[in-house]
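> So the chains spell out like this:
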Amino acid sequence: MGVLLISPEKCTGCRACELACSFAHEEEFNPTRSRVSVLPLKDGEGAVPVMCLQCEQAACVTACPQHAIHEDVQTGARVVNNTRCVECKMCMHVCPFGCTSYDSVGRRIIKCDLCGGDPQCAKVCPSGAIRSVERTTLSIARRRQAAQKLKAILVRGSEQ
Amino acid sequence: MTFGWRGQILRVDLTHGTFDSVPLLREETKTLIGARGLAMHLYAQYEVAAKNDGLRDNALIFATAPLAGTLFPNSGRFTVVTRPAPNANLSCAALGGAWGPELKYAGFDAVVIEGKSPKPVYLWISNGEIQLRDASDVWGKNVSECSDLLRSACHRSARVCCIGPAGENKLSIASVVSDKRIASCARGVAAAIGEKNLKAVVVRGTTGIRVAHPAEFMEEVQKLRRASSSLHLRCSGRKLQGPVLQIHSAMEDNRALLDDGVRPTGCFGCMSVFTSFTSTTTDETLACLRAETDAQNEQLREQYQFVDLGLDYVLAKKLLSSDRFSGVREGDVALAKKLAHGEFAAAASEEIQPDEVSHSGCLVGGYVMVPGALADGKKNDTETSSMLAAAELVGSCAFAASRLNPEQIATLLRLATGMDYSPEDVLRAGEKIAGMTSQKESLSHANNCH
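Line order of the protein sequences matches chains S and A. The first sequence begins at 40 in the numbering used here and counts up one residue at a time. The second sequence begins at 23 in the numbering used here and counts up one residue at a time.
Hints should not be assumed to be uniformly reliable.
EDC-like cross-link-like pairs, simulated, lysine to aspartate or glutamate; straight-line CA separation at most 16 Å [claimed, not checked]:
id, chain 1, residue 1, chain 2, residue 2
1, S, 162, A, 241
2, S, 162, A, 242
3, S, 81, A, 167
4, S, 81, A, 170
5, A, 261, A, 306
6, A, 52, A, 442
These are computed hints drawn from the structure, not numbers from a lab.
In isolation and in its complexed conformation, chain S is listed as follows (with noise of 0.2 Å):
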């Protein structure tokens, strides 16, 4: 089972995966109805590509009153049901990220979902700050940069 690792460092700002995204659920190229969102920093700084973590214990699937929110045991995604949703938008409300929106054309709640597994960010982004990993990946990676910070800090302490 495969999550999104964001290296927010490395992101220009150049929304590929916005138009990825969008391209892939409506066929169209317009950030507006991305499932992503790149929020940029003070000029200059870059900036973050945002999307849904899909969170073990997510606060839209539990404020969903029409459970309509599920996970998909495949992908792992937190995935709408579009015809057991009413449109509430309580999932926009609770979400501690913003990343439940509402997409006003299609009219029905929009989300990541993994691309059923096959994310189509993580293929266009030229500079690997989304990247799609296995779940172990994702912590190894971490703790191998951690690993070799540590090691520059003990190295220098050292040899004062």
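Start from chain S and add chain A according to the hints.
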């Protein structure tokens, strides 16, 4: 015309405060495709129409391209075209950033602005809703302040393309600026915008761009993107002034590891990576681009202050270092402010004449990299110049052109628009545009070729 293209041109009459939209016609895009090509074609049309009506007017054209705003590499370009003086050649300012794609998301391929507003105004385009709004609160303001104010007034995610005080005062060295930092100074363009009492064009779009053959387009564009993402560019050229580098050639850097090199920030769709810059005059090599954010900002500080005034940094510094300003005690930034606000205007016009064609630069690490091969019309060889021009005509930038060939462009154009573009069509369009730049031909030549 609704695949790739949006199929609509917005026309604005500043004199009467009116606007309408007309369909974009196939004939208008056949020979010269989009961006500068489309703008030049439209300019000729509107010039003839104005003359026939017994008017003396100078149209101002903002034009994007069929692949702008799609997943085509580096696909954020648009061009601003006007005639800087009667009987002069057309001037073209090419810019990157997100403004061009936003115009397409709003539903338009181009905006034609005629006439002159009696009072300072800005144009606000929000999908199909068009407004000419009073700009008295932002007239005289710097680019960044103006952009922030207009975003608050219009929409927090709107894109702003504007002039600074320098353009309002019709300086020859004034720039058009998009997304606060992406600036281009082509002869007379910013001045023409100021002359019309137009401060800015603000755009917000929420409609999508569709392509004629979605699955095939995605497949081809993914292939192209995969081939492009490992390509690192080793550049050479000239250091122009401070952090501004003019790039004459960009070659694939085979030695680079996947993570080596720095990506530019700011432009929509950018896939470029730069590993180094070598000066052809001093042989100095900059391992470009490794500067930390603070060091980068420090290096760019002066350049940014000039851009914020709507002044071209290189040309303004050149002017300020001329004899006229020798012995003046004030620092360049203080002088630039006075210059932008109208003092020494005569000096600026007499002494420095910008080129007719100008490209905005890439913000890479602590540098601004400007593609030089097009800006000064130098030809490496005909095919290279044609490719560089052709990339722009479809909505991509010169740095992407280094890894594109006419077949790839033609294929993606065909799949996106559903129209018959061959590799020869693409090359020929690029050739015509590149030819105009170096030989200073006027548009009538292009018209005769249809």
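> State the violated hints by number, sorted upward, taking the hints as numbered earlier in the document.
The structure conflicts with no hint, since it agrees with every one listed earlier.
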